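Whole structure, please, built from the sequences with the hints as guidance.
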Amino acid sequence: MRAFTTLLRWEWLLLALIVVVSLVNSRLSPFFLNGNNLLRTTSDFMEIGIMMLPMVFIIITGNIDLSIASTLGLAASLMGWLFMGGWNIWLAAGVALLASVVAGLVNGLLIVRLGLPSLVVTIGTLSFYRGLAYTLLGNQAARGYPPSFTYLGQGTLFGTRVPFALLVFALLSLAFALVLHKTTFGRYLYAIGNNEQASRYSGVPVARVKLAIYVLSSVMAALAGFILAARFGSTRPDIGSGLELTVITVTVLGGVSIFGGSGTLVGALLALVLVGILRFGMGLVNLQGQVQDIVIGLLLILSILLPRLGAWLSVLRSRQAGTPRALGLALGVALVFALFFFWSRGLILSS
Amino acid sequence: MIAETQSPRPAQRGLVPVLVRFREAGLVLIIAVLIALVSLRNPAFLAADNFRDIVLNMAILVIVALAQAMVIITRGIDLSVSSMIGLTGMMVAFTAAALPDAPAVLAVPLGMALGAALGSLNGLLIAGGGLPPIIATLGTLSVYRGLVFLYSGSKSTINAFELPPAFRQIAKGTPLVIPNLILFAVAVAVAVFLFLRYTRAGRDIYAVGSNPDAARFAGIPTQRTIFMVYVISGALCGLAGVLWVSRFESAQTNTALGFELQTVAASVVGGVSTLGGSGSVVGVALGAFLLGVINNALTLVQISPFWQLAAQGLLILLAVVADAAISRRLQRTMGGRRR
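These protein sequence lines map, in sequence, to chains C and X.
Just so it is clear: in the first sequence, position 16 is 16 by the working numbering, and no numbers are missing.
Just so it is clear: in the second sequence, position 243 is 1243 by the working numbering, and no numbers are missing.
Everything labelled a hint here was simulated from the structure, so no lab data went into it.
It should be emphasised that the depicted structure is a prediction, and the values quoted were computed from it without experimental measurement.
There may be inaccurate statements among the hints.
To be verified - Derived coverage of chain C by chain X (criterion: at least 3 residues anywhere in the stretch with Cβ under 8 Å from a Cβ of chain X; other residues may be distant):
# : segment
1 : 128-137
2 : 330-339
Said to hold, decoys possible - According to the in silico footprint, chain X covers these stretches of chain C (three or more CB under 8 Å from chain X):
# : segment
3 : 108-122
4 : 249-259
By construction, the Cβ of each residue, glycine as well, lies at the ideal position given by its N, Cα and C atoms.
Shown next as structure tokens:
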């Protein structure tokens, strides 16, 4: 019960942040509160959202999947390559989907059967799958998708401005939320994340569950890849590069503990909305992508740091050996670094 | 690291060093076989020039992979290495371009100091703040890369003609016949080897990675050790940044993008256990060498360079599987309890 109330606090915090950021954004730019603009922005985040759903499952079990963006790239590249070779687009997509199942199985089997740490396995498959994508498409881009396909990424519903991808995401979110919070499978995830050994001894089919979530993760990544390819209208092998960082950021920001065992889908969704409107707002005031990345990176760090602030303050107050000196040193280093940063920069940029 | 249930690790004596040496011998064998195969297909592979190219290309990788290896030994990971290389490289390049009369050799300690500062933030977040290494370094990866962008501003690149010639000599000069770059890599490898084997701080790194609780109870300053390992990682990345800019004679906002994967690959292939607690300098150097040989071989055998990334990933997977197989055999022999 205590855990439930704690989680509730985090989700409320996210909601409050969303309201605050929205207010700030609407002050900064008159274009923010425009319904059409908002709807159009959502399409930037559907791929991240779709990949985030199974990531919540995976992180709750105490694992991770860094290979999702590469699976996305592989599926999209495979589909594009087949399509350029004359295949029917839907057939190509079907094959790519099958490939993603295999990709997920590879991840899952290495992690489950061989007991390898998920971090390193998925770093390996991250390189491997992306590499395969490059070998398929090389320097060329697959393009010329038929409008029936690009509808996935660019189409809207029956004359409204609501993107089709948004509908897909909404339905998937509902499904994932129901599974996580209302089914035994969902409870298994929390159990495994809290204590995998105990779960196994309690009869939880740990191996099957973990295998399932990794396959799910890869399939969702493939789906995201199709939508992304449909949105761009073309595919290059580096499609989706780096998205895994955003997906993990949003998931952890959503209150899903990286150590496993806790988190809600609602929290992850709220975090997605928060990051979405943050990026939208930053874009409206013309902050470049990399600068936006700084903000998101800081957000990730602070989201885990701030809840521990209470523990920190008590350490400071108890004046444990060396703590004020260490802090002073840290601040000093930061100051000197900042001074050098601006000084050396000014040497070139002002001349 | 992500929470995983782990079986108790066996002590680092007796059978383990034998199998570890076996692992390194295995690597040497694989490299030898690969070289033989490739030179059969294309004899140009064995030319001294080509060999020097391979070593030059992997020199920076060796330096950063050693840093990454030390971090992984403590059960952590440093995903921000590429951003630290990029940021320190850019800052040193700006300074060198703005102060052409300053002695170029000062760039090295400058880069290392900047890198150490960046690494200390990682260390603070992880050792002090209790953040999981993957999250902390994921965050700083973005922040530092963004800072490169902010720092370079409208200029965005430092080109070759803006760098003083002495600066380019840092990596390319040959006062001792062998290019400086290689000498730096060798020096770092020797230093890290001695550090890990003969200093208390170095042994502490293994202890903390092997069993953090036991290390703490034994009086080892675990937090300080972990903090130090990230500072060292930062410092070595700073060195790598200077060498990178000096070697390629330019500093760009996307310098070293994605490099962290190669460092993890070199470490893992070189036998650094992802569960922490073990790894050797020789292994990491061999791992980096294997990666370098493969990259070079692919071009010479006229396989598309696009296979490089896939080969790298496959190597990581094979290495990790081999690791698991070895440790499983270890547990059976030592009578340890399996999961």
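**Study point:** Outcome, coverage hint (the segment 128-137 of chain C, chain X; C-beta under 8 Å; three residues)
**Key:** holds (count 7)
Exercise for review: Verify the coverage statement for the segment 330-339 of chain C against chain X, using a C-beta to C-beta distance below 8 Å and requiring 3 or more qualifying residues.
Suggested key: Coverage by chain X holds for the segment 330-339 of chain C (5 residues, Cβ < 8 Å).
Point to revise | Claimed coverage, the segment 249-259 of chain C by chain X - three or more beta carbons nearer than 8 Å | key: holds (count 4)
Review point. Count the residues of the segment 108-122 of chain C with a beta-carbon closer than 8 Å to any beta-carbon of chain X: does the count reach three?
Key: Our answer is that it holds, as 9 residues pass the Cβ test (under 8 Å) against chain X, meeting three.
Checked against the numbered hints above, the structure breaks none of them.
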